[in-house]
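> Listed below are the residues making up each chain.
Number of protein chains: 2
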Amino acid sequence: MTTEQEVREVAGRSRAAAAELAPLSRAEKDAALHEMADALVAASSDVLSANSLDLAAGRAAGLADGMLDRLALSPERIEGMAQGLRDVAGLPDPIGAVVRGYTLPNGLEVRQIRVPLGVVGIIYEARPNVTVDAAGLCLKSGNTALLRGSASAYHSNTALVGVLSEAAAKAGLPADAVQLVPGTDRESVTHLMRARGLVDVIIPRGGAGLIKNVVENSIVPVIETGVGNCHVYVDAAADLEMAAAIVMNSKVQRPSVCNSAETLLVHSAVAASFLPTVSSLLHEAGVTLHVDSFDLVPEGPLTVAAADVDWETEYNSLDLAVKVVDSVDEAVAHIRRWGSGHTEAIVSSDVRAIRRFSSRLDSAAVMVNASTRFTDGGEFGFGAEIGISTQKLHARGPMGLPEMTSTTYLVTGDGHVR
Amino acid sequence: MTTEQEVREVAGRSRAAAAELAPLSRAEKDAALHEMADALVAASSDVLSANSLDLAAGRAAGLADGMLDRLALSPERIEGMAQGLRDVAGLPDPIGAVVRGYTLPNGLEVRQIRVPLGVVGIIYEARPNVTVDAAGLCLKSGNTALLRGSASAYHSNTALVGVLSEAAAKAGLPADAVQLVPGTDRESVTHLMRARGLVDVIIPRGGAGLIKNVVENSIVPVIETGVGNCHVYVDAAADLEMAAAIVMNSKVQRPSVCNSAETLLVHSAVAASFLPTVSSLLHEAGVTLHVDSFDLVPEGPLTVAAADVDWETEYNSLDLAVKVVDSVDEAVAHIRRWGSGHTEAIVSSDVRAIRRFSSRLDSAAVMVNASTRFTDGGEFGFGAEIGISTQKLHARGPMGLPEMTSTTYLVTGDGHVR
Numbered sequence: 001m002t003t004e005q006e007v008r009e010v011a012g013r014s015r016a017a018a019a020e021l022a023p024l025s026r027a028e029k030d031a032a033l034h035e036m037a038d039a040l041v042a043a044s045s046d047v048l049s050a051n052s053l054d055l056a057a058g059r060a061a062g063l064a065d066g067m068l069d070r071l072a073l074s075p076e077r078i079e080g081m082a083q084g085l086r087d088v089a090g091l092p093d094p095i096g097a098v099v100r101g102y103t104l105p106n107g108l109e110v111r112q113i114r115v116p117l118g119v120v121g122i123i124y125e126a127r128p129n130v131t132v133d134a135a136g137l138c139l140k141s142g143n144t145a146l147l148r149g150s151a152s153a154y155h156s157n158t159a160l161v162g163v164l165s166e167a168a169a170k171a172g173l174p175a176d177a178v179q180l181v182p183g184t185d186r187e188s189v190t191h192l193m194r195a196r197g198l199v200d201v202i203i204p205r206g207g208a209g210l211i212k213n214v215v216e217n218s219i220v221p222v223i224e225t226g227v228g229n230c231h232v233y234v235d236a237a238a239d240l241e242m243a244a245a246i247v248m249n250s251k252v253q254r255p256s257v258c259n260s261a262e263t264l265l266v267h268s269a270v271a272a273s274f275l276p277t278v279s280s281l282l283h284e285a286g287v288t289l290h291v292d293s294f295d296l297v298p299e300g301p302l303t304v305a306a307a308d309v310d311w312e313t314e315y316n317s318l319d320l321a322v323k324v325v326d327s328v329d330e331a332v333a334h335i336r337r338w339g340s341g342h343t344e345a346i347v348s349s350d351v352r353a354i355r356r357f358s359s360r361l362d363s364a365a366v367m368v369n370a371s372t373r374f375t376d377g378g379e380f381g382f383g384a385e386i387g388i389s390t391q392k393l394h395a396r397g398p399m400g401l402p403e404m405t406s407t408t409y410l411v412t413g414d415g416h417v418r
Numbered sequence: 001m002t003t004e005q006e007v008r009e010v011a012g013r014s015r016a017a018a019a020e021l022a023p024l025s026r027a028e029k030d031a032a033l034h035e036m037a038d039a040l041v042a043a044s045s046d047v048l049s050a051n052s053l054d055l056a057a058g059r060a061a062g063l064a065d066g067m068l069d070r071l072a073l074s075p076e077r078i079e080g081m082a083q084g085l086r087d088v089a090g091l092p093d094p095i096g097a098v099v100r101g102y103t104l105p106n107g108l109e110v111r112q113i114r115v116p117l118g119v120v121g122i123i124y125e126a127r128p129n130v131t132v133d134a135a136g137l138c139l140k141s142g143n144t145a146l147l148r149g150s151a152s153a154y155h156s157n158t159a160l161v162g163v164l165s166e167a168a169a170k171a172g173l174p175a176d177a178v179q180l181v182p183g184t185d186r187e188s189v190t191h192l193m194r195a196r197g198l199v200d201v202i203i204p205r206g207g208a209g210l211i212k213n214v215v216e217n218s219i220v221p222v223i224e225t226g227v228g229n230c231h232v233y234v235d236a237a238a239d240l241e242m243a244a245a246i247v248m249n250s251k252v253q254r255p256s257v258c259n260s261a262e263t264l265l266v267h268s269a270v271a272a273s274f275l276p277t278v279s280s281l282l283h284e285a286g287v288t289l290h291v292d293s294f295d296l297v298p299e300g301p302l303t304v305a306a307a308d309v310d311w312e313t314e315y316n317s318l319d320l321a322v323k324v325v326d327s328v329d330e331a332v333a334h335i336r337r338w339g340s341g342h343t344e345a346i347v348s349s350d351v352r353a354i355r356r357f358s359s360r361l362d363s364a365a366v367m368v369n370a371s372t373r374f375t376d377g378g379e380f381g382f383g384a385e386i387g388i389s390t391q392k393l394h395a396r397g398p399m400g401l402p403e404m405t406s407t408t409y410l411v412t413g414d415g416h417v418r
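From first to last, the protein sequence lines stand for chains A and B.
Numbering-wise, the first sequence is residues 1 to 418 according to the UniProt record's numbering.
Numbering-wise, the second sequence is residues 1 to 418 according to the UniProt record's numbering.
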């Protein structure tokens, strides 16, 4: 059983390393990222051996094929991770940016400057590529990464962190810039969540159960990510061809991710002309419709009755809840009641409907005449993304490098006193 | 005993009111603030009667004179609170500000826009003026205020919230824009801290015990405020007259507040010329010095030996810990080990020393040749302040109206799909 002392000892080393990382220049950090990328490729066979241990254990434990695929590394996937590190090196350094700056009437110069958060704890599930991805983003933003991957990827993660840590040291950075939390048991996570004062923030990445556990039990501040019960609302004034394209894209293009749509709301004024057509298209794509009324939807095995649970479910599959509403306000009320605050789209040509919809919701992103699938750090041009925040404090929506920073006020005077 | 159901019912009403406040214009909010100010003045005698009940109960319970003074209202103090509301009405509205905005290569227009947090819970101690102050700042930033003052101010707070809520309704806002959390027992606080999903953030304002309780037990996100163990470091290259003025101002001008200095660090190269003089000045002002060495400090009843506890204590009184260090790095290491991350000042003419000091600390504010007392929303020109955050997420340092907001992405396309 992992002890609190073991976790605090490692977290303390992350904290000491954070003090060394904070003042580094962009050039120093980028050189380390390239060193890490090269080291990963050079260590491919060692990493693959470690990964094969995890895969064998996973097969023995009866892991599903999908899980095994997410766990599996290959020379190509390792090259992909290395390229990810090089890409991060190419991004601007968020540290040192002046967020606000002005001179007060008394001559004091006030500068609000981006600084690292410090120690970033990340708790995540199977994919070992998150290990490299998170380490790179933390390093670039001047933070140390304290990683707690899943037990099923333990050998892979240990090998990866060993390579990254050694490469960091070779580039003149502290080896503790990237560390694994000791242990694979539940206590290991618990002690990390209690390490307030040593760890500055925890970002959970994974399923709803993982995130709920961290949010409810961590006394270290948490950034909640990833649950997405997204809606598309087709307004009375919608271009119905555009609406069909947006609904299809939002639901079908990649149903397993958080920015795919889970509920379609259709204004009653266009329901008769829109629902039969779009339902057929969705059925053709294999989507099961969970409907509040069978009136306008083709019958068949892919049409079922919706219950309340459908309005709140993030299917992450080829399922879509469908409801007819009588107004923008009813759509807003439905979304506020059942949504997760991730992304909602409106299809409409009516500026007043658009303004009402967008100003009355309480979500991280509102898409106007665009697919929900655009809520993404890559699509937003951030170059990298640590996750999509669905909470309101600190960062909301896709989180890039600036969202992995804090700020400090640097105030310069000439003997100023009050 | 206050039940969870009672607190959740009231929080639910705050949440419903938040949906109505969010889309309001600045004019509507400012009109309500003026209505509240006028109503407060008009209701002076009722508020003072309620306050006299709290004062009588406080005297009967043996409250110290200082506490009773903080609890006491007067026509002048009520007028002051009303003026505070009018001042907040005069500040710019943070809501709707475009934080970032750009057009992507595919033509999608991305706008990151300030929106309210939603329901702001504030847990605070004796002063009833916080009730009005917090309600005004919340309303201006489009948030509903859910207030949990101390039991000792219960009658005063009930009267104040009654007046504010009625005035809000008169101005056409929801009456639930300002509410008190039901109950004065411990359970009332506990249920508030568990109301995740209904309450968006809790800001504790008060002593270290209150803040620790909230930070460790709340599953609603918390913004930690107020603990300040601030340092002044007098460098080898300091102008010693300036240094003496800054030390005196940082310690003596208002020792009870969080941005006053608690520890003086002096470089050994100037200790012999600086310490005897500044010590005499501090002694004359009644400051007790807790010293790591008696060598350079005048003897007497105001000079005592420092122990480790002195390095970590926020005295909030005429006490100052004093230590001689041999380098900027030693000063930084001392502050990182013992400080609270609030404000640290350096007095130096050496740009390299200043750069090293400011880039290696981990505090909300660094003052260069200026008093620690300048870390303050009013001094920074914010016009109002809800507190000084000493945490790194969301807001750090003095928190004005923009720090009481979240953001949302409004993304506009023309049928864009991926």
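I should point out that these hints are in silico values taken from the structure, not numbers from a laboratory.
Take the hints with a grain of salt, since some may be wrong.
Calculated pairs, DMTMM-like style, for lysine to aspartate or glutamate (alpha carbon to alpha carbon, straight line, at most 25 Å) [said to hold, decoys possible]:
#, chain 1, residue 1, chain 2, residue 2
1, B, 170, B, 414
2, A, 170, A, 9
3, B, 212, A, 4
4, A, 212, B, 4
5, A, 212, A, 125
6, B, 212, A, 125
7, B, 212, A, 9
8, A, 212, B, 216
9, B, 170, B, 79
10, A, 212, B, 79
11, A, 212, B, 20
Being a predicted model, the structure only gives us computed values, none of them experimental.
> Would you mind marking each hint as holding or not holding in the structure?
Evaluation of the provided hints:
no.	hint	result
1	170(B) with 414(B)	violated (42 Å)
2	170(A) with 9(A)	holds (23 Å)
3	212(B) with 4(A)	holds (20 Å)
4	212(A) with 4(B)	holds (20 Å)
5	212(A) with 125(A)	holds (14 Å)
6	212(B) with 125(A)	violated (31 Å)
7	212(B) with 9(A)	holds (23 Å)
8	212(A) with 216(B)	holds (17 Å)
9	170(B) with 79(B)	holds (20 Å)
10	212(A) with 79(B)	violated (46 Å)
11	212(A) with 20(B)	violated (29 Å)
The structure does not agree with the numbered hints 1, 6, 10, 11 stated previously, though it agrees with the rest.
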